[in-house]
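Construct the complete structure from the given sequences, taking the supplied hints into account.
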Amino acid sequence: MCGRFHLLATAEQVAALYGVAVTQLMPRYNIAPTQPIAAVRHSRTGGRELTYFHWGLIPSWSKDTKFASRMINARSETAHEKPSFRAAYKRRRCLIPVTGFYEWQKVASGKQPMCITAADAQNGSLLSFAGLWEHWQSADGSEIESATILTGAPNELMTPIHNRMPIFIEPDDFDLWLDASAPLPAVQSLLRCYPAEKLRAYPVSTHVNTPRNDDPTCIAPLIP
DNA sequence: CCAGACGTTGTT
DNA sequence: GTCTGG
DNA sequence: CCAGACGTTGTT
DNA sequence: GTCTGG
Numbered sequence: 002m003c004g005r006f007h008l009l010a011t012a013e014q015v016a017a018l019y020g021v022a023v024t025q026l027m028p029r030y031n032i033a034p035t036q037p038i039a040a041v042r043h044s045r046t047g048g049r050e051l052t053y054f055h056w057g058l059i060p061s062w063s064k065d066t067k068f069a070s071r072m073i074n075a076r077s078e079t080a081h082e083k084p085s086f087r088a089a090y091k092r093r094r095c096l097i098p099v100t101g102f103y104e105w106q107k108v109a110s111g112k113q114p115m116c117i118t119a120a121d122a123q124n125g126s127l128l129s130f131a132g133l134w135e136h137w138q139s140a141d142g143s144e145i146e147s148a149t150i151l152t153g154a155p156n157e158l159m160t161p162i163h164n165r166m167p168i169f170i171e172p173d174d175f176d177l178w179l180d181a182s183a184p185l186p187a188v189q190s191l192l193r194c195y196p197a198e199k200l201r202a203y204p205v206s207t208h209v210n211t212p213r214n215d216d217p218t219c220i221a222p223l224i225p
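Adding 1 to a residue's 1-based position in the first sequence gives its number in my numbering.
Because the hints were derived from the structure by calculation, they are not lab data.
Yeah, the Cβ is synthetic: ideal placement off N, Cα and C, and Gly gets one too.
There could be a bad hint or two in this list.
[Said to hold, decoys possible] In the SDA-like style, the derived pairs of lysine to any residue whose C-alpha atoms are separated by at most 25 Å in a straight line are:
#1 K83 <-> P34
#2 K107 <-> L179
#3 K83 <-> D180
#4 K199 <-> I145
#5 K112 <-> I145
#6 K91 <-> C194
#7 K83 <-> G20
#8 K91 <-> A187
#9 K91 <-> R45
#10 K91 <-> E157
#11 K199 <-> P222
#12 K199 <-> N164
#13 K91 <-> R49
#14 K199 <-> P172
#15 K67 <-> A88
#16 K83 <-> W137
#17 K83 <-> P184
#18 K112 <-> N214
#19 K91 <-> K107
#20 K112 <-> A154
#21 K64 <-> P37
#22 K83 <-> K107
#23 K83 <-> E157
#24 K112 <-> L179
#25 K199 <-> G20
#26 K199 <-> R213
#27 K91 <-> P37
#28 K199 <-> M2
#29 K67 <-> I145
#30 K199 <-> R92
#31 K91 <-> P184
#32 K199 <-> R45
[Said to hold, decoys possible] Quick list of simulated restraints, FRET-style, between CB atoms:
#33 P161 <-> A140: 45 to 53 Å
#34 P161 <-> K83: 25 to 33 Å
#35 L223 <-> A140: 46 to 54 Å
#36 N124 <-> R92: 32 to 40 Å
#37 T35 <-> Q189: 25 to 33 Å
#38 Q123 <-> P184: 30 to 38 Å
#39 L223 <-> E171: 23 to 31 Å
#40 Q138 <-> L223: 38 to 46 Å
Structure representation (structure tokens):
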């Protein structure tokens, strides 16, 4: 699963990796479900754009937004067939830039939050979650664009921590992932387990548990 | 035909 | 919207 | 994901 | 325990 992450790259770094215009990017140490998340998608004019989406996908046919908080993740194994996700899976894929994410590992004393980043992480080392987005319009005409993060089986690093992890897309595969007309078997081939050697994990304090804590303490290594 | 569901995770 | 259950 | 609420009435 | 909010 993936229920919390951080984005600590500069606007320039995001702009360079995805080839999008980024005007401003506030550092976010603790991004939680229901909050706006930045994601890259194909724009109507043919290029790419960075837009903000409500984290928690709202299917276009929903009567209200109550379902959204349970739609923060979609199983990569079944998203192509689930009523809530299949339309978005076919035509509305996106990339969610992150510099790391959090998982809570069950231990004897309770739950230990772990921070996972790129193995070679410098400040601003970006990874890309595979995401889906959807457009929703309420009866009174208000509109919401929302998104979800695809999950899959854990790699060797993540297995002791949790039984699920997010799907990552590598830069060479960005075009294919974002292409609404790409053949689905090719798209499906991208839903693979990200290599353990490209990630590292370390414990952090329970400071990160509270969503309103959005500061450097969230990512600070826990000193035992 | 209409009504009702449509999800993931973890835990049991 | 689309599928399943009644 | 975790944190925090979980209720009604009448009055201001 | 279970739901809502962030």
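Checked hints:
1. Proximity of K83 to P34 is assessed by CA-CA distance (about 21 Å); at most 25 Å being required, the pair is judged to hold.
2. Distance restraint check for K107 and L179: the Cα-Cα separation of roughly 35 Å exceeds the 25 Å cut-off, and the hinted pair is therefore not satisfied.
3. Restraint check for K83 and D180: satisfied, since their Cα atoms lie roughly 20 Å apart, inside the 25 Å limit.
4. As the CA atoms of K199 and I145 are separated by approximately 35 Å, the hinted pair breaks the 25 Å bound.
5. With a C-alpha separation of about 34 Å, the suggested pair K112 and I145 falls outside the 25 Å cut-off, and the hint is violated.
6. A threshold of 25 Å between alpha carbons decides the hint, and for K91 with C194 the separation of about 20 Å falls inside it, so the pair holds.
7. This hinted pair does not check out: K83 and G20 have alpha carbons roughly 31 Å apart, beyond 25 Å.
8. Restraint check for K91 and A187: the C-alpha separation of about 12 Å stays at or below 25 Å, so the hint holds.
9. Distance hint between K91 and R45 is fulfilled; the C-alpha atoms sit about 16 Å from each other, no more than 25 Å.
10. Between K91 and E157 the alpha-carbon distance is near 30 Å, which puts this suggested pair outside the 25 Å criterion.
11. Taking the CA atoms of K199 and P222, the gap is about 19 Å. The hint holds against a cut of 25 Å.
12. Between K199 and N164 the CA atoms are separated by roughly 18 Å; this keeps the pair inside 25 Å, and the hint holds.
13. Between K91 and R49 the CA atoms are separated by roughly 18 Å; this keeps the pair inside 25 Å, and the hint holds.
14. For a cut-off of 25 Å, the pair hint linking K199 to P172 stands: about 14 Å separates their Cα positions.
15. This hinted pair checks out: K67 and A88 have alpha carbons roughly 19 Å apart, not beyond 25 Å.
16. At most 25 Å may separate the alpha-carbon atoms for a hinted pair to count; K83 and W137 meet this at roughly 17 Å.
17. Taking the CA atoms of K83 and P184, the gap is near 18 Å; set against the 25 Å cutoff, the hint holds.
18. Annotation: proposed proximity of K112 to N214 holds, straight-line Cα distance about 18 Å (limit 25 Å).
19. A distance of roughly 35 Å separates the Cα atoms of K91 and K107; the hinted pair therefore is violated under the 25 Å criterion.
20. For the hint linking K112 to A154, the alpha-carbon distance of about 20 Å falls within 25 Å, and the restraint holds.
21. Between K64 and P37 the CA atoms are separated by roughly 21 Å; this keeps the pair inside 25 Å, and the hint holds.
22. For the suggested pair K83 and K107, the alpha carbons sit about 29 Å apart, so the restraint of at most 25 Å is broken.
23. Of the pairs offered as hints, the one joining K83 and E157 is violated, with about 28 Å between alpha carbons and a cut-off of 25 Å exceeded.
24. At most 25 Å may separate the alpha-carbon atoms for a hinted pair to count; K112 and L179 exceed this at roughly 36 Å.
25. Restraint check for K199 and G20: satisfied, since their Cα atoms lie roughly 23 Å apart, inside the 25 Å limit.
26. Only pairs whose Cα atoms come within 25 Å are accepted, and K199 paired with R213 is rejected, the gap being roughly 30 Å.
27. A threshold of 25 Å between alpha carbons decides the hint, and for K91 with P37 the separation of about 23 Å falls inside it, so the pair holds.
28. For the given pair, K199 sits about 18 Å from M2 by alpha-carbon distance, which is consistent with the 25 Å threshold.
29. About 13 Å separates the Cα atoms of K67 and I145, which keeps this hinted pair within 25 Å; it holds.
30. Between the alpha carbons of K199 and R92 the distance comes to roughly 29 Å, so the proposed pair goes past 25 Å and is violated.
31. Simply put, K91 and P184 have alpha-carbon atoms about 9 Å apart, close enough for the 25 Å limit, and the pair holds.
32. Between K199 and R45 the CA atoms are separated by roughly 34 Å; this puts the pair beyond 25 Å, and the hint is violated.
33. Roughly 47 Å separates the CB atoms of P161 and A140, a value that falls within the hinted 45 to 53 Å.
34. Between P161 and K83 the beta carbon distance is about 29 Å. The supplied range of 25 to 33 Å therefore holds.
35. The beta-carbon spacing between L223 and A140, approximately 48 Å, falls within the hinted interval of 46 to 54 Å.
36. The hinted range of 32 to 40 Å is satisfied by N124 and R92, whose Cβ atoms lie roughly 35 Å apart.
37. Separated by about 29 Å at the C-beta atoms, T35 and Q189 satisfy the suggested range of 25 to 33 Å.
38. Between Q123 and P184 the Cβ separation comes to about 36 Å, which falls inside the hinted range of 30 to 38 Å.
39. Separation of L223 from E171 is about 30 Å and conforms to the stated range, judged on CB atoms against 23 to 31 Å.
40. For the hinted restraint 38 to 46 Å between Q138 and L223, the CB-CB distance of approximately 44 Å keeps it satisfied.
The structure fails to meet hints 2, 4, 5, 7, 10, 19, 22, 23, 24, 26, 30, 32 from the earlier list, while all remaining hints are met.
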